[in-house]
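S.K.: What follows is the residue order along each chain.
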Amino acid sequence: MERQSHAEASAQAPIIALPAGLTLPLDVRVHGRGGQGGVTCAKLIAALYMQMGLHVQTFGDYGSERSGAPVQAYTRVDRIPIANRNKVYRPDHLIVLDEGLLGTQTLGGAAPGALLLLNSSASLHRYDGQYADYQFAVIDATAIARELGIGSSSVVIINTTMLGAYARLLGAPLSVLEGCYASLGLGGDLPAAQQAYQRVQMRARTVSHPAVPAPAAAAASPPVAPISAHNADIPASLKTGSWSNQAPLYQEVAAPCNLACPAGNDVVGFIQALKNDGAEAAAAILQRTQALPSVCGRVCPAPCMRACNRDAFDGAVNIRSLERWISDCSAVQLTQRQAAARRRFAIAGGGPAGLSAAYQLALRGHEVKIFEAGPALGGVLRNGIPAFRLPQDALQRDLDRILALGVEAQCDCRLYKDDLARLQQTYDALIVCVGFGPAFGLAAEGAALEGVEQGLAFLDRAKRGRVTLAGHVAVVGGGNTAIDCARTALRCGAASVKLVYRRGHEEMPAIREEIEAAELEGVRLVLHRQPLAFTGDGTVSAMLLAEVETGPPDASGRRSPLVTQRTSRIACDKVLLALGQSKAMDLLPDTWRMRGARAWQGNRPLPVWFAGDCASGEGTVAHAIGNGGRAAAAALAHLAQAPDEAERETPDPVAPAQIRFSHFEMAPPHRDRQIPPSARRHSFDEFNLGLAGPDEAGRCFSCGRCTHCDTCLIYCPEGVIYRSGDGYRIDTDYCKGCGMCVAECPRSAIQMHAKTRQEVSACL
Amino acid sequence: MSVELISANHAAALAATLAARANRKGRGFCSGVYPITPSTECMEYLCLQEIEKGRVLRVESEHSAMAVCIGASAAGARAFTATSSNGLAYMAENCVAAAGMRLPIVLAVANRTLGPPWNIWADHGDSLMLRDHGLIQFYCADNQELFDTVLCAFRLAEDSRVMMPAMVCMEGFILSHAVTQTEVPEQEQVDRFLPLTSIPHQLGETPHTLGQMEVPQQTASHHQQHHAAMLGVPQIYAEIQNSFERIFGRRMADAVHAYRAEDAETLIVSMGTIGATAERVVDLFRARGQRVGSLRVRLFRPLPSATIANWFAGKKRVAVIDRDISLGFGGVLWGEIRGLAGPITVVQNYMAGIGGGDVRPEHLENMLSDLHPRRAAGLPAMIEAL
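As you go down the protein sequences, you meet chains A and B in turn.
Its first residue numbered 1, the first sequence is counted upward by one per residue in the working numbering.
Its first residue numbered 1001, the second sequence is counted upward by one per residue in the working numbering.
The following block holds chain B by itself, in its conformation from the complex (with noise of 0.2 Å):
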C-alpha cells in the first residue's frame, strides 16, 4: 500500500484503473469519456493509464460516453465513466437506459449546479435529478472515502444479487480538486476484493436483445425486481465494508455515518462534505454542554430509511441541510427523511451551499440557533453562503 497525494478526480481515476486491472483475466475493462468541468481530471488522468486488457474511449459527448459503457458491460467488461451537471443532464437518457438493462457500471459524478446560468461550482441538484430511475447513489465527503467507494462500487454493483449501476458523488472542486494524502492499495488487493465481472445476461453466445418493448405489466414487475434488488442494497453493503476491511485494513464509512448521534437532542443531517463540517460544529457545541450530533447520509438510493428512522426517534428537532432545492417544493433530502421523524421531532429545513458556496462552521451555528427555539418546523429556509 501506498500514499499518494491526489486530488479526489485522480482518486476515482486510479480506483477505476485498479479494478479495471482486476478484471483482466475476465472480459476487460471499457470505459467511454467526456470531459466536463469539474469531472474533466478524472478522465483526462484514466486515458493516461495502462490497462491490460482495457480501452478508454474518448467520444463525442457524454450521451455517447456512457452509450460506449452500456455497450461495453452489455458484453460482460468492467464499465466506468465520470461527468458533472450538464454532462450528466445530456447522459441522463443512456444512465436511465443502463439501469433499466441492470448493467453495473460505475459513473463517478463530480457535483456541479446546472446551468445556465452558468455556474462551476458544487452543488447536488445534478446527481438528485437522477435519483428516481435505478441508479445507487453514495454522497462522499473526503477524498479517502471517494477512492474506497469507487473501488466498493465495483464490488456492489456487480454483485448478481444488484445487478445495477452505481452513481458514486464527490462535490465540485471542494473535493474533486483537493489533493490530500490517500491510501492506494496493491493490485494484488484489488484483484482480491473483486471478483471477475460476470453479468447473467450479458451477450454472448446466444444472440439476444437487451431492453426491449415490454407491456404494462411487464414494465410493472421488472421495476418490482429492480426496486426489490435496492432494498437488499444495504445488507449487501454491510458485507463488503467486512470483506473491504479485511483485504484493506480499514473500513468504509457506514451507509448512515452517525457522529456522537446516540445522546443528542439535536441532529444536523446532511449528504457530503457539509457532513464533515457538521461533526466539526457538533464538537463546538458538545464543548459548550449542548448535545448535538450528527447523521451523514452517505448511502441515498437506496434511502436508508429505517436507519434513518432510528436515529430519530426521540430526537428533540433536526436540521436537514440540503446542497440543493427541488424547486416549487424544498430540499430533496429533507423531503425524503421528514416523514422518518416522529409528531415530537421538529424537522427543519436549510438549504445551504447552493450553487456552490462555502458552507463554514459559522451557518451551521446559525442554522441551530434558529432552530433551538423552534417548536414547529417553518418552511424550508435557504442560507446565503458565497
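Just chain A, same shape as in the assembly (with noise of 0.2 Å):
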C-alpha cells in the first residue's frame, strides 16, 4: 500500500466497541506444543480483534517441529496496517497452551504487567506467590474440550476454548466471540469457548518486590552482533525426551523354541553359541539340561522345529542336528558342583527318564544311585531305539559323561514291591522311572500262532546280537516302535515289509522323517487297515484285515475309527504288533498311591517322585529327559524345604509376525546328510549321517533374544542408542519415543512401555 508515512495513514472506520484498557499496537505470543494447535490458536486471537475492527497479522515460528515440540505462534493487533515483520520479542499478552513449558524460555521479554493467561488444571490459589508481576490468569481448557469432545482423547484441542478465556480477559463482549465464530464457521466449537469466558480466574498485577529484577527485560530479543563463526553445531537446549508418552525397554521374550523344548533346554542360547563361538561353548549350555545330548540329536522328534518361527519363512532350523553337531563335535564334561547339603538319591530305571534325573542331581553334588533291571543302563535306548537311528557308540558317549560325574549304576536289578519301600527309607529320596508297562496285545484269532510277536521284543532280540528274517513280513501299528520294526525288519532280510494301520498317514504318531525314510527304504503303508485275525498251519501265513473308515470325532478330537465289513487277506510270514503300551506299574506297594508325579501313602506325601512314561505317558526321548529333571528339581525344592525354582509361567512367545523377515535373506535349512536309501536297506550303520557343518546355526533368527546386531542403533533417527557393556543404552533425555527401534528389530528383542503419568509432559 502506498502512504506517505504510517502516521499519516487513512483512519479506519469507526471500531465497535474496544474493550476498555487495551493499549494499541498489541503483541501477543502462544506458546504451546507441536500438534496441540498453536499456531492455530494465534490465528483464532487474531480473528476476533478482526471481529473488532482491527488490522491483525498473525503467523508461526516455524522450524524443526515434530509433534510434542515447544512451538511459538505470533498475532500482531494495531489500529492500522501492520508493517512489522519480526517475531514477537516484547509479547504485552502470552498465552501459555502447556504448563510444562512456562520457563524463563517462554516468558523472556514480556512487558511489565504483561497479561499471562496459562492452561492448567490447578486453580489459581496453586500460583499464589508466583507469576505476580503478570496479570495473570489460569483456565482448565484441557478438561472442558475434552468433555465437549474436541480433538481426539489422546489428544485434546483446546485453542478454541482458549481463546473464550482470553475474550474474557481483554473484556470483550461474548457477541464478539460469538461473531468470531460464526464467522470461521467454528460454531460447533462455541460451547467451549463459553465455558471458558465463565470459568476463566484471573488475578490483577500485584506490586512486584524490586529486590527481585524481573529477569524478563534483560532477554528481550537476541543481541545484534557480528558474524560469529560457528564451528561446532549449537548445542541442544531442549531434552526432546521429555516429549514421549513411550520409552522402549530391551526385553527377552521366550523363543518358541525354548518353550517348546520338553527338555527345557535354551535351543535359542546353545545356537547362539555354537554361532558365535563354537561346539565347546554351545554344548555348556545344552549340557546344563540336557543329559543325553548325542540321543535327542537323533531321535527326539523336535517339536522345537515344528514351532520354530523360521518355518514361517523359508524353513524351521534344523535344530535336531545342530544338537548332534554340537554334542558329536566337543567334549565337555561338566563337572560336580559343591553342594550345601549333599543327599543320597535312588532312582529306580535307568532309562532316559532316571538317567536324566540323576545326571541333574549329581551335576548339583549329590549321592545317586540307579538301579536297572536291564543288563546295561539305557531302557528303550538300549532295546528298543534300532542302531541305525542309535548307534551304541553315541548313546555309550551320553552314558559315560553321566556316570563320569559319579553316578553309581546297579544293572541286573529287577525291584519288587519291598525294594522300593526299603530304598524309599534308606535314601532321602527316591525316583521312580520305570517307563511303560507290558506292550497291548491283540485279541483276534491266531495271535498266539508262531510267528506273531511282540515289536519290542523283536528290536530288543535285535540290537542284541543277529536275527535273521525271511518272507514277508508284517506290522501292525503307527508309532516310532512300529516304524522302527518296519526298518529293523528290512535290515534283518525280510523279502518285504507292509505297516497296517488303521487310521490315515497324517494320524501315524510316528516321526514324519522316520515315516518318509522308511517309505524310502521300501515299506509299504497298508492304511485305514485293521487286523481281524491271523491264519496259518502253526505258524502264521497271512492277516485278515478290515477296511476302517474314519467316523465321527471323539471327545478327544480324533476321529474314532469305524470297522467295516470290507475285509481283504495279505499274506505273511511274520506279524510284528507295536499297538502301545500300557501304564500299568505292579512294582508299587500296596499302601502306596500314585498321585500326579508322586507317591502318597493314605493323606501323606512320600519322598517319592515318578518320572518319564510311567508318570506322563508322552512316549518320547525328549518327554522323559524333561520330566526327569523336573522331578529331580521337585525332589531337591522339598528336601530343603525351598519353593520349586522349575515351576514357573509359562509366558507367551515370539510369534511369527513379530519377526522381521525382511532383515533376512531366504536360505532353505541345510539338510541332513544320509546315506542313500538303497544302500541303507540292508545295514545297520547309523543312516543319518548328520549336517556337514555347523553353518545351520547362522539361520536361527535368535527370537526374543538380542544378537547385538545393532539395527536398533543404526535405525534411530535420533542416534540416541548407544553400545554400553555387553548391551545398549538409550539416552532417555532425547529418546522421542518413536518406536522405530521396535519396529526394525528383526528378532522382537525390544518392547515399547507407555511411561507413567508422571513420565508424560502434562499437554496430553
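Hints were generated in silico from the structure; no laboratory data involved.
Beta carbons: idealized from backbone N, C-alpha and C, even for Gly.
It is possible that part of the hints are untrue.
With the C-beta cut set under 8 Å, the calculated list includes, among others, these residues of chain B facing chain A [what the hints assert, rightly or not]:
#1 1116
#2 1117
#3 1120
#4 1174
#5 1279
#6 1360
#7 1362
Reconstruct the complex from the two isolated chains, following the hints.
M.R.: Now the structure itself:
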C-alpha cells in the first residue's frame, strides 16, 4: 500500500466498542506444543481482533518441530495496517497452552504488567506468590475441551476453548466471540469457548518486589552482533525426551523353540553359542539341561522345529541336527558342584528319565544310585531304538558323561514292592522311572500263532545280536516302535515289509522324517486297515484285514475308526505288533498310591517321585529327559524346604509376525546327509550322517533375544542408542519414543512401554 | 470485494484462481504443481479450488510442473505454478525454456535458502539464481502486495509487448505463512482486469515448432528482442497500475517504492520485507532529526536503473541491504545498483538475514551507525541475524 508515512494513514472505519484498557499496538505470543493447535490459537486471536475491526497479523515460528515440540506463534494487533514483520520479542499478552512450557524462555521479553493466560488444571490459588508481575489468569481448557469432545481423547485440541478465556480477560463482550466463531464456521466449538469465558480465573498484577529484578526484560531480543564463527554445532538445550509418552525397553521374550522343548533346553542359547563361539561353548549351555545330547540329536521328534518361527519364512532351523553336531564335535564334561547339603538319591530305572534325573542331581553335588533291571543302562535307548538310528557308541558317549559325574549304577537288578519301600526308607528320596508297562496285545484269532511277536521284544533281540528274517513281514501299528520294527525287519532280511495302520498317514504318531525314511527304504504303508485274524498252520502265513473308515470325532477330537465289513487278506510270514504299551505299574507297595507325579501313603505325600513314561506316558525321549529333570528339581526343593524353581508361568513366545523377515535373506535349511535308501536297506550302520557343518546355526533368528546386531542403533533417527557393556543404552534425555527401534528389531528383543503419568508431559 | 484472513501462500493461489476463471471464455487454465516447503500451501490451496475450464496436475517433480505449464501455455491456456529454493533449482531448466519460448507463465516463489546444508527459512538466493534468463521478477513486502502482484503479473506477462514468464517472490514463512487481512476482489472485477490469454505463437491450427535449434546470429537477435521487451516493462507496468487502481480501487506500489526519500541524505535500499522494516527505521531516525529515507526495489527484473539512479543523485550515503550473497562477490542487489550512484555517494553493502534470520530495526540501526562515519565504501559486510 502506498502512503507517505504510516502516521498519516487514512483512518479506519469506526471500531466497534474496543474493550477498555486495550492499548495498541499489541503483541501477543502463544506457547504450545506441536500438534496442540498453537498456531491456530494465534490465528483465532487475530480473528477475534479482526471482528473488532482492527488490523491483525499472525504467524507461527516455523522450524523442525514435531508433535510435542515447543512451538511459538505470534499475533500483532493495531489500528493501522501492520508493517512489522519481525517475531514478537516483547509480548504484551502471553498465552501458554501447556504448563510444562513455563520457564524463562517462555516468559522472556514480556512487558511489565503483561497478561499471562495459562492452561492448567490447578486453581488460581496454587499460584499464590508466583507470577506476581503479570496479570495472571488460569483456565483448565483441556478439561473443557475433552468433555466436549474437541480433538481426540489422546490429543485434546484446546485453542477454541482458550479463546473464550482470552476474550473474557480482554473484557470483550460474548457477542464478539460469537460473531468471530460464526465467521470462522466454528459454531460447534462455541460452547467450549463460552464455558471458558465463564470459568477463567484471573488475578490483577500485584506490586512487584524491587529486590527481585524481572529477568524477562533483560532477555528481550537476541543481541545484534557481528557474524560469529560456527565451527561446532549449536548445543541442544531442549531435552526432547520429555515430550514422549512411551519408551523402548530391551526385554528378552521367550523363543517358541525354548518353550516347546520338553527337556527345557535353552535352544536359542546353544545355537547362538554355536554360531558365535563354537561347539564347546554351545555344549556347555546344552548340557546344563540335556543329559543325553547325542541321543536327542538323533531321535527326538523335535517339537522345537515344529514351533520354529523360521518355518513361516523359508523352513524351520534344523535344530535336531545342530544338537547332534554339538554333541558329536565337542568333549565338554561338566563337573559336580559342591552341594550345601549333600543328599542321597535312589533312582529306579536307568532309561532316559532316570538318567536325566541322576544327571541333574549329580551335577548339583548329590549322591545318586541307579537301579536298572536290564544288563546295562539305557532302557528303551538300548533295547528299543534301532542301531541305525542310535548307534551304540553315541549312546555310550552320553552314558559315560553321566557316570563321570559320580553316578553309581547297579544293573541286572529288578525291583519289587519291598525293594521300593526299603529304598524309600534308606535314601533321602526315591525317583521311580520304570517306563511303560507291558505292551498291548491283540485279541484276535490266531494271535498265538508262531511268528506273531511283540515288536519291542523283536527290537531287543535284534539289538542284542544278529536276527535273520525271511519272507514277508507285516508290522501292525503307526508309532515310532512300528516304524523301527519295519525298518529293522528290512535290514534283517525280510523280502518285503508292510506296515498296517488303522488310520491315515496324517494320523500316524511316528516322527515324520522316520515315516519318510521307511517309505524310501521300501516299507509299504497299508493304511485304514485293521487285523481281524491271523491264519496259518502252526506258523502264521496270512493276515485278514478289515477296512476302517474314519468316523465322527470323539471326546478328544480324534476321529474314531469305524471297522467295516469289507475285508482283504495279505500273505505274511512274520507279524510284529507295535500297538503301544500300558502304564500299569505293579511294583508299587500296596499302601502307596500315585497321585500326579508323587507317591502318597494315605493322606501323606512320600519323598517318592515318578518321572518318564510311567508318570506322563508321553512316549518320547525328550519328554522323559525333561520329566526326569523336573522330578529331580521337585525332590531337591522338597528336601531343602524351598519353593520349586521349576514351577514357573509359561510366558507367550515370540510369534512369526513379530519377526522382521525383511531383515533376513532367504536360505533353505541345511539338510542332513543320509546314506542313499538302496544302500542302507541292508545295513545297521547309522543311516543319517547329520549336517556337513554348523552353518545351519546362522539361520537361527534368535527370537526374542538380542544378538547385538546394532539394527536398533542404526535405525534410531535421533542417534540416541549407544553400545554399553555387552548391551545397549538409550539416552532417555533425547529419545522421542518414535518406536523405530522396536519396529525394526529383527527379532522382537525390544518393546515399547507406555510411560507413567509422572513421566508424560502435562499437555496430553 | 471481501476481506479474508489468509496467508500469502493462499493469497497467491487465490489470485491465480481468479485469474484462471477469468480465462474461462478463452483456452482456460492449467497448472502443474509440486510441493516444497514453504510454498506447499499455495499449491495445496490451488488444488482445492473449482476452476471452470481449468486443470491442476500434481506431477512428480518441479521440473515436470513447469513442463506442464509450458505445454499448457504453448497451447494458449493461462498457466501458473509455485515453488521454492531447491524446487526452483530443479525447475530451473524449464524456467529458462519458458522464457526462451516467450511464454507468459506466472511463477510464485516463496523464497527459501538453497541447500544443503538444509535450511527452510527465507533467503533471496533462489530466485536471484535465475535473474539473467528473461523472467520478470517482483519482490513483495506484504500479503496484499503479493496478492495484487500475482494478479498483475498475468496482465503484464501476457501483454503482447512483453510476452515472457513473470516470477512473483515472497519471503518464505515471513510472508508465505503469515496470515493478515487481505482484500479479495470479485471475479467480475478480475474479468475486467485480465483480457483473455492470447499468445501470438501459440500452437493451434498450423503445426509449428517452439524452441527449435538456431544459429548464433539468430540467438543474438532473439535475445536482443527479449531484452528490448524487458526494457519496455516499466512503462507497461505504469499503465497497469492505472488500470488496477481504476478497477480495484487501490494502487499497487511503484516499481521502486520510495519512502521519505526526496530530502534524505542517507538511503536504505532493500527488497522484500526488509523494506518494510527499513521504513520503520526511517521513521525512527526522522524522529531523531536525521534525514534518512528508503527505497524498496519491488521490480528487480528488469532493473529500473534510471529510476534508482535518479533517487541516488545527490545522496551522501546508501546502505544496500541484501538478503542474499553472490559467493565470491557480495550482495547481488548491491552489485547491480552500486554503479548507479555518483562519485560522492558512499554505497555500502550489508548482507543481512542470510539463511532466514529475523532482521530487526536494531540491525538496521547498527548498519546506519556503521555507515554514517564512512568516507568511502568498505568491503561487503555480513550481519548476523538469528
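S.K.: Which of the stated hints cannot be reconciled with the structure, identified by number in ascending sequence?
M.R.: Of the numbered hints, 1, 2 do not hold.
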